[in-house]
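From first to last, the protein sequence lines are chains A and B. With our numbering, the residue at position 23 of the first sequence is 23, and numbering never jumps. Quick note: to get our numbering, add 94 to the position in the second sequence (first position is 1).
Derived from the structure by calculation, the hints contain no laboratory data. Predicted model, so just to flag it, every value in this text is computed and none were measured. One should not assume that every hint holds.
Simulated pairs of lysine-lysine, BS3-like, Cα-Cα distance not exceeding 25 Å [unchecked claim]:
no., chain 1, residue 1, chain 2, residue 2
1, A, 5, B, 106
2, A, 73, B, 106
3, B, 185, A, 73
4, A, 13, B, 214
5, A, 5, B, 258
6, B, 185, A, 13
7, B, 198, B, 217
8, B, 214, A, 5
9, B, 258, A, 13
10, A, 73, B, 215
11, B, 185, A, 5
12, B, 258, B, 299
13, B, 215, A, 5
14, B, 185, B, 204
15, A, 73, B, 217
16, A, 73, B, 160
17, B, 185, B, 160
18, B, 160, B, 106
19, A, 13, B, 217
20, B, 278, B, 299
21, B, 258, B, 217
In silico negatives: residues of chain A with every beta carbon more than 10 Å from chain B [said to hold, decoys possible]:
no., residue
22, 19
23, 21
24, 26
25, 27
26, 28
27, 37
28, 38
29, 41
30, 46
31, 56
32, 57
33, 81
34, 88
35, 92
Even glycine gets a Cβ: it sits at the ideal position worked out from N, Cα and C.
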Amino acid sequence: MRIIKGLWYFYQKLIIPSLTISVVLALFSQGYVSILFGIAFSYAILTPFVHLYSYEIDSPQEYYFYYNLGLSKTTLWANTLSISTLLLIVLGLT
Amino acid sequence: MNRLHVDSVRKKIGDRSILNDVFISCQSGEIVGLLGRNGAGKSSLFKIVFGSLAADYKFVSVNDRKTRGLYSSSDLIHYLPQHRFLPEHIKIADLISCFCRRDKAALLMKQEWIQALLIKKAKALSTGERRMVECGILLFSEARFLLLDEPFNGIAPLYVDRIKELIRQNINEKGTVITGQDYKNVIDLSSRIILMQDGNTREIKNLEELVEYGYLRASADLGVWVTETSNCLKNF
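Can you build the whole structure from these sequences, using the hints too?
In structure tokens form, the structure reads like this:
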């Protein structure tokens with residue numbers, strides 16, 4: 001349970017910035033694709049970059065909180081990338 | 095009784111050897127003070143023992159069982175880094191319940207000093223409050239050993255005293271290794287002192303040895319302070 005909570009807290013930080021930028025990008029791409037598809041597609045692509053900025057560049061020290069929970073950097077990256085990949089697969093299927 | 099045994103730690107950065115066959119040990123209920131000048135390799139040693147930094151070679155065992163990448167076993171060892179590490183977007187109460195077992199979390203949340211902070215996010219805390227919370231979370235965790243890297247770094251004397259008190263009150267079940275440039279407080283807390291110098295560790299028997307090995311200057315201040323801390327000297 002603690003691991004799941006840790007993964008959720010880690011991912012939570014990425015949602016608002018990724019979603020905000022995705023909405024803006026989707027608004028610009030209106031007419032080419034549906035707005036919902038635009039938001040979801042941008043979100044899936046952007047999240048790893050927001051992860052890179054938020055944790056690797058802006059607050060690398062926060063990793064230690066998750067290390068102390070037993071979550072390695074590889075696990076945290078895998079979490080971000082797998083959610084994005086899953087989102088892209090779901091989009092591809094619909 | 096748990097025992098942490100760290101041996102033969104070697105680490106080179108470029109051509110410079112920062113850790114050269116370092117040995118350190120710690121048992122439950124013990125506070126080991128690790129002293130050394132800036133750049134002596136204290137933080138690197140902690141990170142290597144914790145598992146977040148690779149060494150050229152290391153042998154780390156807990157209760158005679160060799161371990162690799164200790165942070166993958168989160169109930170063995172926890173590390174307090176020098177700089178703030180709590181996620182800023184989560185409330186303190188949530189961080190505590192994520193980090194500590196339910197009964198321990200309840201005990202920590204009952205502490206008077208933390209009650210007003212529980213509904214705040216880490217970004218809203220002062221440096222001293224944040225350090226108190228960081229230490230509290232680690233001290234009430236299930237880890238058998240704590241590595242506290244400069245817990246008094248950059249905080250007001252009031253918080254230094256509170257953190258020392260917090261460590262003293264909650265140290266019985268754990269073994270702790272503590273570093274700090276604030277050597278008086280480190281020595282005051284510690285039951286054993288180890289000096290890191292030139293990539294090696296030495297067990298220190300009395301404060302005069304710190305002068306002898308060039309960590310402290312022989313001054314009148316030291317003389318007064320040695321008298322004031324005579325209680326702590328008995329423990330070395």
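Structure-based check of each hint:
The straight-line distance between the Cα atoms of residue 5(A) and residue 106(B) is roughly 37 Å, outside the 25 Å bound, and the hint therefore fails. The hinted pair formed by residue 73(A) and residue 106(B) meets the criterion: a straight-line CA distance of about 23 Å does not exceed 25 Å. Between residue 185(B) and residue 73(A) the alpha-carbon distance is near 23 Å, which keeps this suggested pair within the 25 Å criterion. As the CA atoms of residue 13(A) and residue 214(B) are separated by approximately 16 Å, the hinted pair is consistent with the 25 Å bound.
Between residue 5(A) and residue 258(B), the direct Cα distance comes to roughly 30 Å. Violation of the 25 Å bound is thereby established for this hinted pair. Distance check on the hinted pair: residue 185(B) and residue 13(A) sit about 13 Å apart at the alpha-carbon level, within 25 Å; holds. A C-alpha spacing of about 24 Å is found between residue 198(B) and residue 217(B), which places the hinted pair at or below 25 Å, so the restraint holds. Annotation: proposed proximity of residue 214(B) to residue 5(A) holds, straight-line Cα distance about 18 Å (limit 25 Å).
With a C-alpha separation of about 32 Å, the suggested pair residue 258(B) and residue 13(A) falls outside the 25 Å cut-off, and the hint is violated. Straight-line distance between C-alpha atoms of residue 73(A) and residue 215(B) comes to about 23 Å, which keeps the hinted pair within the 25 Å bound. The suggested pairing of residue 185(B) with residue 5(A) holds, with an alpha-carbon distance near 13 Å, which does not exceed 25 Å. At most 25 Å may separate the alpha-carbon atoms for a hinted pair to count; residue 258(B) and residue 299(B) meet this at roughly 22 Å.
Only pairs whose Cα atoms come within 25 Å are accepted, and residue 215(B) paired with residue 5(A) is accepted, the gap being roughly 16 Å. Between residue 185(B) and residue 204(B) the CA atoms are separated by roughly 16 Å; this keeps the pair inside 25 Å, and the hint holds. Using a Cα cut-off of 25 Å, the hinted pair residue 73(A) and residue 217(B) holds, with the two alpha carbons roughly 23 Å apart. Distance restraint check for residue 73(A) and residue 160(B): the Cα-Cα separation of roughly 22 Å lies within the 25 Å cut-off, and the hinted pair is therefore satisfied.
A C-alpha spacing of about 36 Å is found between residue 185(B) and residue 160(B), which places the hinted pair above 25 Å, so the restraint is violated. Between residue 160(B) and residue 106(B) the CA atoms are separated by roughly 22 Å; this keeps the pair inside 25 Å, and the hint holds. The straight-line distance between the Cα atoms of residue 13(A) and residue 217(B) is roughly 13 Å, inside the 25 Å bound, and the hint therefore holds. Among the hinted pairs, residue 278(B) with residue 299(B) is consistent with the structure: their alpha-carbon atoms are about 15 Å apart, no more than 25 Å.
For the hint pairing residue 258(B) with residue 217(B), the CA-to-CA distance comes to about 23 Å; that is within 25 Å, so the pair holds. Distance to chain B confirms residue 19(A) as a non-interface residue, since its nearest Cβ pair spans about 14 Å, more than 10 Å. A cut-off of 10 Å between C-beta atoms confirms that residue 21(A) is not in contact with chain B; the least separation is 17 Å. The non-interface label for residue 26(A) is consistent with chain B: the shortest C-beta to C-beta separation is roughly 24 Å, beyond 10 Å.
The claim that residue 27(A) lies off the interface holds: its Cβ sits roughly 26 Å from the closest Cβ of chain B, which is beyond the 10 Å cut-off. Under the 10 Å C-beta cut-off, the non-interface status given to residue 28(A) relative to chain B holds; the minimum distance is some 28 Å. The Cβ of residue 37(A) sits about 28 Å from the closest Cβ of chain B, beyond the 10 Å cut-off, so the non-interface label holds. The beta carbon of residue 38(A) sits about 26 Å from the closest Cβ of chain B, which is more than 10 Å, so the claim that it is off the interface holds.
Every C-beta of chain B lies more than 10 Å from that of residue 41(A), the closest at about 25 Å, which supports listing it as non-interface. Non-interface status of residue 46(A) relative to chain B is upheld: no Cβ of that chain comes within 10 Å, the nearest being about 18 Å off. Look at residue 56(A): its CB is around 14 Å from the nearest CB on chain B, clear of 10 Å, so calling it non-interface holds up. With a minimum CB-CB distance of about 15 Å to chain B, residue 57(A) clears the 10 Å threshold, and the non-interface call stands.
Distance check for residue 81(A) against chain B: the nearest CB is about 20 Å away, which clears 10 Å, and the non-interface claim stands. For residue 88(A), the non-interface assignment is confirmed: its Cβ lies about 26 Å from the closest Cβ of chain B, beyond the 10 Å cut-off. Residue placement check: residue 92(A) keeps its beta carbon more than 10 Å from all beta carbons of chain B (closest about 31 Å).
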